[in-house]
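Trainee: Sequences and hints are given; from them, build the entire structure.
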Amino acid sequence: MLPVTDDRTARVLRSIAPYLAEWASFQAGYHGLPGLQLAVGLRGEVLVDLAWGTADVETGEKLTSDHLFRIASHSKTFTGVLVMQLVERGELRLDDPVGTHVPELDGTPAAAVTVRELLGHQGGIIRDSSDGDFWQHGKPFLDRDELIECVRTEGVVLAPNEHFKYTNIGYSLLGLVIENVTGRTYDDVARAGIVEPLGLTRTGTELDPARAAEYAAGHTARLAHDDARRVVPHVDTRAMAPATGWYSTARELVRYGTAHVLGDTTLLSDASKRLMQREESRVVVRGTERGRYGVGLEVGVVGDRRLVGHSGGYPGHITRTWIDPADGLVVSALTNAVDGTATPLANGVITLIDLALAAADEVARLAGTDGALEPVPADAPVGRFANLWGVSDVVDLGGILHVVNPRAASPADQAVRLVVRDGDLVQEAVDGFGTVGEPVQVERAADGAVTAVRLGAMRSWPVEEYRRRTAG
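Straight run, no breaks: the sequence shown in the UniProt record's numbering ends on number 472.
Honestly, the hints are just simulated from the structure, not real lab data.
Mixed in with the good hints there might be a few duds.
The calculated label-pair distances, taken between Cβ atoms and stated as ranges, are [said to hold, decoys possible]:
1) Arg305 / Asp227: 31 to 41 Å
2) Ala213 / Gly32: 19 to 29 Å
3) Asp227 / Arg282: 31 to 41 Å
4) Pro439 / Ser410: 22 to 32 Å
5) Thr369 / Arg444: 27 to 37 Å
6) Glu45 / Asp422: 39 to 49 Å
7) Arg305 / Gly423: 30 to 40 Å
8) Arg89 / Gly432: 51 to 61 Å
9) Arg8 / Thr266: 21 to 31 Å
10) Leu158 / His137: 23 to 33 Å
Note that this is a predicted model, so its numbers are computed, not measured.
In this text, a Cβ means the ideal position worked out from N, Cα and C, and glycines have one as well.
Mentor: Quick look at the structure:
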């Protein structure tokens, strides 16, 4: 575990960890997901390890933190690490033409594409072959011979470095490069290079039939809100494992993500990590940015954070892991449905974290001055409340009470602060279309329990009480 260099950050994250799990659970239920794993870590310390919902809607099996998820294109990050390990050992160069290591491609346009161009999706290689129905189980994923035949006959679609062109076939080729350079199977290299050094026990390169009972089932998407979900069987991705075959858990992805944080040299030197994390491509279509990519890693921005990581889309599982390589925050969200909201969930967790950190910064900055903020009252009406118009969470984030809409994908955008003014709890007096500056009215039972709250003009009740009042 890396040392936590900012105790304040760690303290704030520990204090809000229960709410992060509660918010994510609400989001998963609100969007009708079968199940969700969420893990949040800071420099190796796991602060949230959530399992919500069901592993299989047909059997009703409860999802646990140990269920295995197919993490699909997360696989590319593992393959990128393995390539960089070979580069660090001098066994491979990033500017090597792929034909140097896969002689079956001699005489084809693909032979001249470099390792680096494959890692950055700049080689112009076809994405999934001209028949990619393996993504919906219409046929098996490509084996080694089929992969090479695909690249020989239809591999290069665009000139290298003409456009960013995402390619699973290109990353599958990198698996062959790794095997030919090392003389070992991709799985053997991955175990020795990543799985064993990190002590991972629930992570691997491909479907393991011996662990069939441990996998969370995949599920179909809903075309309409009332569609029933069906189980999607797991299959072997064969020669495409380096692009999409890996499995893991959210908790172990936090451990893996921590190895990408600067200062952790378990897998790679910081120099190699910086190269992987550097923006190689900014994907812009007709003036609209669609994403960014490095060398084996997606590059993203959430709020003021520059992040790296990857998403994953496997038949039945949608996943997302974000890593802040500077401060060591890692967030991994794994869902078991084709329409899973993994990226919005991970992004929402990060915005809540940053909302709390900003509040804690303000509390600390104003401490001891005339503008010092009153502490959160001990009897503050913390909890979840509902009325005809929706749901509101009153939660302490960083030492300031906030009203958060748990239905919002980006909860920080709509959050409202509650502050103490002249001994009363009020909504912060700022510009706004809502009831800013107005008092919060709290109704209590004889024992002091909150029975209702007015966050403005309308009364809201604890969720179960609201359900009771509106039943029928």
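Trainee: Look at each hint and say if it fits the structure.
Mentor: Verification of the hints:
1. Evaluation of the 31 to 41 Å hint for arginine 305 and aspartate 227 yields a pass: the beta carbon distance comes to about 36 Å.
2. Between alanine 213 and glycine 32 the CB atoms are about 25 Å apart, so this pair conforms to the stated range of 19 to 29 Å.
3. Range check, aspartate 227 to arginine 282: Cβ separation about 37 Å, and the 31 to 41 Å hint holds.
4. Taking the beta carbon of each, proline 439 and serine 410 are about 28 Å apart, inside 22 to 32 Å as hinted.
5. The hinted window of 27 to 37 Å between threonine 369 and arginine 444 holds, with their beta carbons roughly 33 Å apart.
6. A C-beta distance of roughly 40 Å is found between glutamate 45 and aspartate 422, which places it inside the suggested range of 39 to 49 Å.
7. Our hint of 30 to 40 Å for arginine 305 and glycine 423 holds, since their Cβ atoms are close to 37 Å apart.
8. Checked against the given bound of 51 to 61 Å, the beta carbons of arginine 89 and glycine 432, roughly 58 Å apart, stay inside it.
9. Remark: the range hint 21 to 31 Å for arginine 8 to threonine 266 is upheld by a beta-carbon distance near 26 Å.
10. Roughly 29 Å separates the CB atoms of leucine 158 and histidine 137, a value that falls within the hinted 23 to 33 Å.
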